Amino acid sequence: MNVWLIGATVLLAALLPCGVVLVRAPILDALVALELVTTLATVALLLLAEGYHRSSYFAVPIVLAFLNVVGALIFVRFLADRRL
Amino acid sequence: MTVRDYAVDALIAGGVAAELVCCLGLLAMRNAIDRLHYAGAGAALGPALIAAAVCVREGFVSSEGLNSLLTALLLAFGSAAVAGATARLIRFRQRGGLESTPAERERA
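So the sequence lines, in the order shown, correspond to chains A and B.
Heads up, the final residue of the first sequence is numbered 84 in our numbering, and it's a clean run with no missing numbers.
Heads up, the final residue of the second sequence is numbered 108 in our numbering, and it's a clean run with no missing numbers.
Hints should not be assumed to be uniformly reliable.
As the list claims (entries may be wrong) - Beyond 10 angstroms from chain A on every Cβ pair, some chain B residues (computed):
| hint | residue |
| --- | --- |
| 1 | R4 |
| 2 | G59 |
| 3 | V61 |
| 4 | E99 |
| 5 | S100 |
| 6 | E104 |
| 7 | R107 |
Stated by the list, open to error - With beta-carbon atoms standing in for the labels, derived distance ranges:
| hint | chain 1 | residue 1 | chain 2 | residue 2 | range |
| --- | --- | --- | --- | --- | --- |
| 8 | A | T9 | B | L98 | 34 to 44 angstroms |
| 9 | A | D81 | B | F60 | 41 to 51 angstroms |
| 10 | A | R54 | B | H37 | 15 to 25 angstroms |
| 11 | B | A7 | A | S56 | 19 to 29 angstroms |
| 12 | A | A13 | B | H37 | 18 to 28 angstroms |
| 13 | A | R54 | B | R30 | 39 to 49 angstroms |
| 14 | B | S62 | A | F66 | 19 to 29 angstroms |
| 15 | B | G97 | A | S56 | 41 to 51 angstroms |
| 16 | A | I27 | B | A81 | 15 to 25 angstroms |
| 17 | A | R54 | B | L98 | 44 to 54 angstroms |
| 18 | B | A10 | A | G19 | 41 to 51 angstroms |
| 19 | A | F78 | B | A17 | 27 to 37 angstroms |
Keep in mind the hints are simulated off the structure, nothing from the lab.
The structure displayed is predicted, hence computed values, not measured ones.
Ideal Cβ positions, reconstructed from N, Cα and C, are used throughout, including at glycine.
Work out the full structure, taking the sequences as your base and the hints as a guide.
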């Protein structure tokens with residue numbers, strides 16, 4: 001276990017407080033928490049890729065970072081039309 | 001351990017600590033706009049420090065370094081765009097429109 005994997009583990013544990021906000025807070029707060037969750041997952045994948053010394057694994061956080069933008073904008077678009 | 005190893009460890013610790021602070025801030029704040037500030041900071045500061053750690057270890061002109069830099073840039077700029085759209089949505093849902101209120105115009 002190296003420092004990269006320890007950092008990734010800490011970040012995965014940090015998903016818990018965001019999950020609390022996702023489950024308990026109003027819908028707009030949950031959307032903000034979802035954006036931070038995706039960021040945390042992306043950084044954790046970056047740390048895992050470096051921790052395992054696999055250069056091919058670096059494609060996964062790049063794709064997730066791109067999908068973060070697309071997914072969040074889709075949520076924003078649909079929440080604008082609905083009264084939740 | 002070399003100086004480079006210490007620098008990598010410090011950058012990783014800084015990046016992870018920045019993300020933890022943003023998580024705690026998200027949990028502690030009480031409204032969506034305040035929480036949005038922490039989500040934006042989490043997408044800018046932490047990934048940049050982690051990408052810097054990868055670049056220090058692997059070198060800037062390497063597959064790993066360039067990929068990590070691209071990820072950090074995507075997160076930073078993409079999150080800024082998403083934060084703007086989310087802030088507009090929050091404003092629209094809370095006030096019913098994007099126009100400033102007379103009280104806000106008076107303050108400005």
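Right, here's what the structure says about each hint:
no.: 1; hint: R4; verdict: holds (13 angstroms)
no.: 2; hint: G59; verdict: holds (12 angstroms)
no.: 3; hint: V61; verdict: holds (14 angstroms)
no.: 4; hint: E99; verdict: holds (16 angstroms)
no.: 5; hint: S100; verdict: holds (19 angstroms)
no.: 6; hint: E104; verdict: holds (20 angstroms)
no.: 7; hint: R107; verdict: holds (24 angstroms)
no.: 8; hint: A:T9 to B:L98: 34 to 44 angstroms; verdict: holds (42 angstroms)
no.: 9; hint: A:D81 to B:F60: 41 to 51 angstroms; verdict: holds (44 angstroms)
no.: 10; hint: A:R54 to B:H37: 15 to 25 angstroms; verdict: violated (35 angstroms)
no.: 11; hint: B:A7 to A:S56: 19 to 29 angstroms; verdict: holds (26 angstroms)
no.: 12; hint: A:A13 to B:H37: 18 to 28 angstroms; verdict: holds (23 angstroms)
no.: 13; hint: A:R54 to B:R30: 39 to 49 angstroms; verdict: holds (42 angstroms)
no.: 14; hint: B:S62 to A:F66: 19 to 29 angstroms; verdict: holds (21 angstroms)
no.: 15; hint: B:G97 to A:S56: 41 to 51 angstroms; verdict: holds (48 angstroms)
no.: 16; hint: A:I27 to B:A81: 15 to 25 angstroms; verdict: holds (20 angstroms)
no.: 17; hint: A:R54 to B:L98: 44 to 54 angstroms; verdict: holds (46 angstroms)
no.: 18; hint: B:A10 to A:G19: 41 to 51 angstroms; verdict: violated (29 angstroms)
no.: 19; hint: A:F78 to B:A17: 27 to 37 angstroms; verdict: holds (35 angstroms)
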